[in-house]
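Chemist: Residues per chain are reported as follows:
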Amino acid sequence: MIGIFASILDGILVGAVYGLAAMGLTLIWGVMNVINLSHGAIIVLGMFVVYFLTELTGISPYLGIPTGMIVGFIAGLIIYWVSVNRVIGRPILMSLLATFALNMIIIGLATAAWTTSPYNVPVALPGISVGNYTFTGTHIMAAIIAVVIAGLLYLFLHFTRPGKAIRAVASNRDAAELNGIPTRQTLSMAFGLGVALACISGALISTLFPFTVLSGEAYQLKSFVVTVLGGLGNPAGALLGGIALGIVEGLATPFTPVSWIPIIEFGLFVATLIAFPRGIFAFTRP
Amino acid sequence: MTALLEAHDLTKNFGGVQAVAELSFTVQQGEILGLIGPNGAGKSTVFNLINGVIAPDKGRIVFDGQDITGQAPYAVARHGIARAHQIMQPLLGLTVLENCMVGACFGRENMSLADAREAARQVADSVGLGARADVLAGALTTAGKKRLEMARALSAHPKLLLLDEVLAGLNPTEINLMLETIRGIRNSGITILMIEHVMRAIMNLSDRIVVLNLGRKLAEGTPREITQNPDVVKAYLGDASSLEAAGATPP
Amino acid sequence: MTTSISHDVAKAGTFKPRKGWGEEIALQVRQPFPWLIAIFTLICALAPYVLDDVSLRESLLLAAVYVTLATNLNLMIGYAGYVNFGNIVFFGVGGYIGVYMATAWHVHIVLAALAGGICVSVLAYVFGRGILRLRGAFFALATIGVNEAIQAFVVNFEPWGGATGIYLSMDAYEPLGGPMNALWLCYYLIIAVMGLSLLLSYGIKKSKFGLAIMAIGQNEDAAAVLGVPTPKYKAIVYSISGFLPAVAGALYFFKSGIIEPTSAFDLTTSIEAIVMLMLGGAGTVTGPVIGAFLYEELRGYLLFSETFSHLQLVLAGVLLLLIVLFVPGGLMGFLRQRLPFVRRWLQ
Chain A
1 MIGIFASILD GILVGAVYGL AAMGLTLIWG VMNVINLSHG AIIVLGMFVV YFLTELTGIS
61 PYLGIPTGMI VGFIAGLIIY WVSVNRVIGR PILMSLLATF ALNMIIIGLA TAAWTTSPYN
121 VPVALPGISV GNYTFTGTHI MAAIIAVVIA GLLYLFLHFT RPGKAIRAVA SNRDAAELNG
181 IPTRQTLSMA FGLGVALACI SGALISTLFP FTVLSGEAYQ LKSFVVTVLG GLGNPAGALL
241 GGIALGIVEG LATPFTPVSW IPIIEFGLFV ATLIAFPRGI FAFTRP
Chain B
1001 MTALLEAHDL TKNFGGVQAV AELSFTVQQG EILGLIGPNG AGKSTVFNLI NGVIAPDKGR
1061 IVFDGQDITG QAPYAVARHG IARAHQIMQP LLGLTVLENC MVGACFGREN MSLADAREAA
1121 RQVADSVGLG ARADVLAGAL TTAGKKRLEM ARALSAHPKL LLLDEVLAGL NPTEINLMLE
1181 TIRGIRNSGI TILMIEHVMR AIMNLSDRIV VLNLGRKLAE GTPREITQNP DVVKAYLGDA
1241 SSLEAAGATP P
Chain C
2001 MTTSISHDVA KAGTFKPRKG WGEEIALQVR QPFPWLIAIF TLICALAPYV LDDVSLRESL
2061 LLAAVYVTLA TNLNLMIGYA GYVNFGNIVF FGVGGYIGVY MATAWHVHIV LAALAGGICV
2121 SVLAYVFGRG ILRLRGAFFA LATIGVNEAI QAFVVNFEPW GGATGIYLSM DAYEPLGGPM
2181 NALWLCYYLI IAVMGLSLLL SYGIKKSKFG LAIMAIGQNE DAAAVLGVPT PKYKAIVYSI
2241 SGFLPAVAGA LYFFKSGIIE PTSAFDLTTS IEAIVMLMLG GAGTVTGPVI GAFLYEELRG
2301 YLLFSETFSH LQLVLAGVLL LLIVLFVPGG LMGFLRQRLP FVRRWLQ
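Residue numbers (our numbering), protein chains in the order written: chain A, 1 to 286; chain B, 1001 to 1251; chain C, 2001 to 2347.
Check each hint, because a few of them may be wrong.
In silico EDC-like pairs for lysine to aspartate or glutamate, Cα to Cα no more than 20 Å straight-line [stated by the list, open to error]:
#: 1; chain 1: B; residue 1: Lys1159; chain 2: B; residue 2: Glu1109
#: 2; chain 1: B; residue 1: Lys1145; chain 2: B; residue 2: Glu1174
#: 3; chain 1: B; residue 1: Lys1159; chain 2: B; residue 2: Asp1067
#: 4; chain 1: B; residue 1: Lys1217; chain 2: B; residue 2: Asp1164
#: 5; chain 1: C; residue 1: Lys2232; chain 2: C; residue 2: Glu2220
#: 6; chain 1: B; residue 1: Lys1145; chain 2: C; residue 2: Glu2220
#: 7; chain 1: B; residue 1: Lys1145; chain 2: B; residue 2: Glu1165
#: 8; chain 1: C; residue 1: Lys2206; chain 2: B; residue 2: Asp1134
#: 9; chain 1: B; residue 1: Lys1058; chain 2: B; residue 2: Glu1006
#: 10; chain 1: C; residue 1: Lys2206; chain 2: B; residue 2: Glu1118
#: 11; chain 1: B; residue 1: Lys1145; chain 2: C; residue 2: Asp2221
#: 12; chain 1: B; residue 1: Lys1217; chain 2: B; residue 2: Glu1022
Counterexamples of contact, computed for chain A against chain C with all Cβ distances above 12 Å [stated by the list, open to error]:
#: 13; residue: Ile4
#: 14; residue: Phe52
#: 15; residue: Thr54
#: 16; residue: Thr67
#: 17; residue: Ala124
#: 18; residue: Val147
#: 19; residue: His158
#: 20; residue: Thr160
#: 21; residue: Gln185
Simulated restraints on C-beta separations [to be verified]:
#: 22; chain 1: C; residue 1: Leu2339; chain 2: A; residue 2: Pro91; range: 17 to 27 Å
#: 23; chain 1: A; residue 1: Asn179; chain 2: B; residue 2: Ala1139; range: 33 to 43 Å
#: 24; chain 1: C; residue 1: Ser2256; chain 2: A; residue 2: Pro210; range: 25 to 35 Å
#: 25; chain 1: A; residue 1: Pro118; chain 2: C; residue 2: Leu2056; range: 37 to 47 Å
No lab work stands behind these hints, which were simulated from the structure alone.
Where a beta carbon is used, it is the ideal one built from N, C-alpha and C, also for glycine.
Same shape as in the complex, but just chain A (with noise of 0.2 Å):
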């Protein structure tokens, strides 16, 4: 019985990092209704940025974070002015080629310059024993940097002026253009904003989990869920979609084959999305 609410626990936690990296992705659909295809390559950018800062410095992992944040963010600008900025307002189905052609692009190059084997950071962290059940230290550290990001983020979108702008440009482009806000620049930060998040999460997901080049999808695919979960273009619902997940995979850990998790995620998945279709249809009006 402990096990089983240890292991919800430890869901909890792996989960709110699942919350903040679904929190990149959901912020950029709902501010510019781009699905950003790219999201698990920036994913694995920030697991990378962690790993090479590490081995070279040797300064703690938890460092490499604001480093990544600024990888991240330059990144998300060029991204923006090179592809997504045109395809805004198109066919969903540019934008969706357009970022998953970066993808095929930043995984193409990572491949070519750190092979596909897998990378491993190291952190020294002691867990906390409760009973004989012990949660690793890094789990822990990683949620609270989680929340606390999320924190930030919430802050920043509510309580400074560019962030006023971005929520004002996600309800209405428009109306926030006659009122003298410089949309594409803000969709160009908010974009920029969305894949700082994303590289963060990865940076944070190289402290937990070994990784490869080819990482990315996987979390991708778990961004997906929890975005829908979550409910689309909401950052706090990202965070509580990402603990739902944790719960979920916390809850059939210790019941199922870890390979039946997948199924279940999908099928939660697909089946939100046909449930609530009108509910999310909300969202996507122009």
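Once you have looked at the hints, place chains B and C on chain A.
Modeler: For chains B and C alone, coordinates are given in the frame of chain A:
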């Protein structure tokens, strides 16, 4: 005269706001019935309820003896109701002819493609789009798209045609031509229910008029009765002059 | 516009000729395009045999599979406007059903492949009624979800070999007269599937059903108001677009001698099919063919070139990005816009 369309007690709420409330009216076979009212009176909602875009919360719609309440738009179209939208919705990537063919193929008569092609060509000719039949709908001018909207609805050979502000945005010459067209459609045996803001036109054209205000029926009668109805004049307070102007030019 | 409109409208209202299917088909047979498809298919079928060139056969076989995938995908993306991102699921499920029936039950591969196609079509119709209620990006995501869920299921499904998949032993080819004959048979069958895909694509485009589907692709709500029974038609086209890819999947994996979850449900192949479609031009019949052949050529070149073999994915990505940003109509869209004779000859 027999009733072609009967609306009984229609009610529709949008998040606590009553868009249409306990509305009943009938459209007689072969007539032109005008539906007027101030902005926000619920006219377009009535059209959406009739052709199944939204389902009523309460009430019944009977068309040609059959209950069509809550049926999907395509089912309603099959019964023989066609609609020309206020905001044009042409299928931009298809040609003018193909647009009309969709209406003909899937309207009341369920025509084969070859039949639909001929029917569509005839209708396109009749509304003055014959020369542009093979042009992509996206390439038409605004007035052209309005005509296409009309042609597409007519291609279905409907029993009842719903016209949603087809005169809006046209100049006086174009309005006169369009009035002529609408009369022609009626003379060919198609019943018409129309929403219109151009008062002179609707007073001239309609056999009877239903006035809506805040989702309820305010008055019903011949154009002459309507212009003399004190309730209507009050609802149209700002527009009283336009009502008088309409009354001054008897059909 | 003239003042005789009323008269014309009255006349339009009384129109009553009756033309049926027969005339419509007769009209199409007199068109050049169906014959072009037939000739093209025949050339593909005969070329490797006449030239006695096995490597040509292998590359044509792959190209034919790509053409089949891209052409059927075109029914959804190019005609109906629904982005089926996880389209590879048809190929994979069809492959598994076909290979399983051929190995475990010793069913003839042609029957097994047909059974795979039929099962996939039925499943697609049922699933389609659900997920086709979603529009735009939501539909695209749902198709990815379905593909991933089914892949995860197959990984756990022991009768189908779980994560390792199904291997065919040489005995499996004995009823067909040995492996050599089986390879040729599979080749001809796959070329036939390609030809049927093209005829299907053309036939739908020229039919009443196709008109409805393309109306849905343009504006689904407007199509419904015009009388197109949208939910049913969308599910039908989704179901149709699954049939031939599933048959091709069964033949392809039977010929390969192995089917495993990662290759049967590979999302990258799914997206490659989209790239081919975009490269050639979505919404046209010829586009996917040109796109598939070009892509296959290009990929082959990149794979074997010293400098680019590592950067194959990168270059494919750059290519895709350039198409999306600058030539969204693809090659056919570009040609049809500039050269009127292309519009007359190539659909």
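Chemist: For the pair we were handed, Lys1159 of chain B and Glu1109 of chain B, check the Cα-Cα distance against 20 Å.
Modeler: holds, 11 Å
Chemist: For Lys2206 of chain C and Glu1118 of chain B, compute the direct alpha-carbon distance and say whether it is at most 20 Å.
Modeler: Holds, at roughly 16 Å.
Chemist: Please confirm whether Thr67 of chain A is truly not at the interface, meaning its C-beta sits more than 12 Å away from all C-beta atoms of chain C.
Modeler: Per Cβ check, Thr67 of chain A is outside 12 Å of chain C; nearest 25 Å; holds.
Chemist: Given the hint that Lys1217 of chain B pairs with Glu1022 of chain B, test it: the Cα-Cα distance must not exceed 20 Å.
Modeler: With a Cα-Cα distance of about 8 Å, the restraint between Lys1217 of chain B and Glu1022 of chain B holds, given a limit of 20 Å.
Chemist: A cut-off of 12 Å on Cβ-Cβ distance, and Thr54 of chain A was said to be off the interface with chain C. Does that hold?
Modeler: Consistent with the label, Thr54 of chain A stays out of reach of chain C, its closest Cβ about 26 Å off (over 12 Å).
Chemist: Need the status of pair Lys1145 of chain B, Glu1165 of chain B: alpha-carbon distance at most 20 Å?
Modeler: holds, 13 Å
Chemist: Does 17 to 27 Å hold as the CB distance between Leu2339 of chain C and Pro91 of chain A, or does it fail?
Modeler: Check passed, 25 Å falls within 17 to 27 Å.
Chemist: Need the status of pair Lys1145 of chain B, Glu2220 of chain C: alpha-carbon distance at most 20 Å?
Modeler: Distance of about 18 Å is within 20 Å: holds.
Chemist: Verify that the Cβ of Val147 of chain A lies farther than 12 Å from every Cβ atom of chain C, and report whether the claim holds or is violated.
Modeler: Label holds. Min Cβ-Cβ 26 Å, cutoff 12 Å.
Chemist: Take the C-beta atom of Asn179 of chain A and the C-beta atom of Ala1139 of chain B, compute their distance, and say whether it sits inside 33 to 43 Å.
Modeler: holds, 35 Å
Chemist: Within 37 to 47 Å or not, the Cβ separation of Pro118 of chain A and Leu2056 of chain C?
Modeler: holds, 40 Å
Chemist: Would you mind confirming whether the straight-line C-alpha gap from Lys1159 of chain B to Asp1067 of chain B stays at or under 20 Å?
Modeler: holds, 16 Å
Against the hints set out earlier in the document, no violation occurs for any number.
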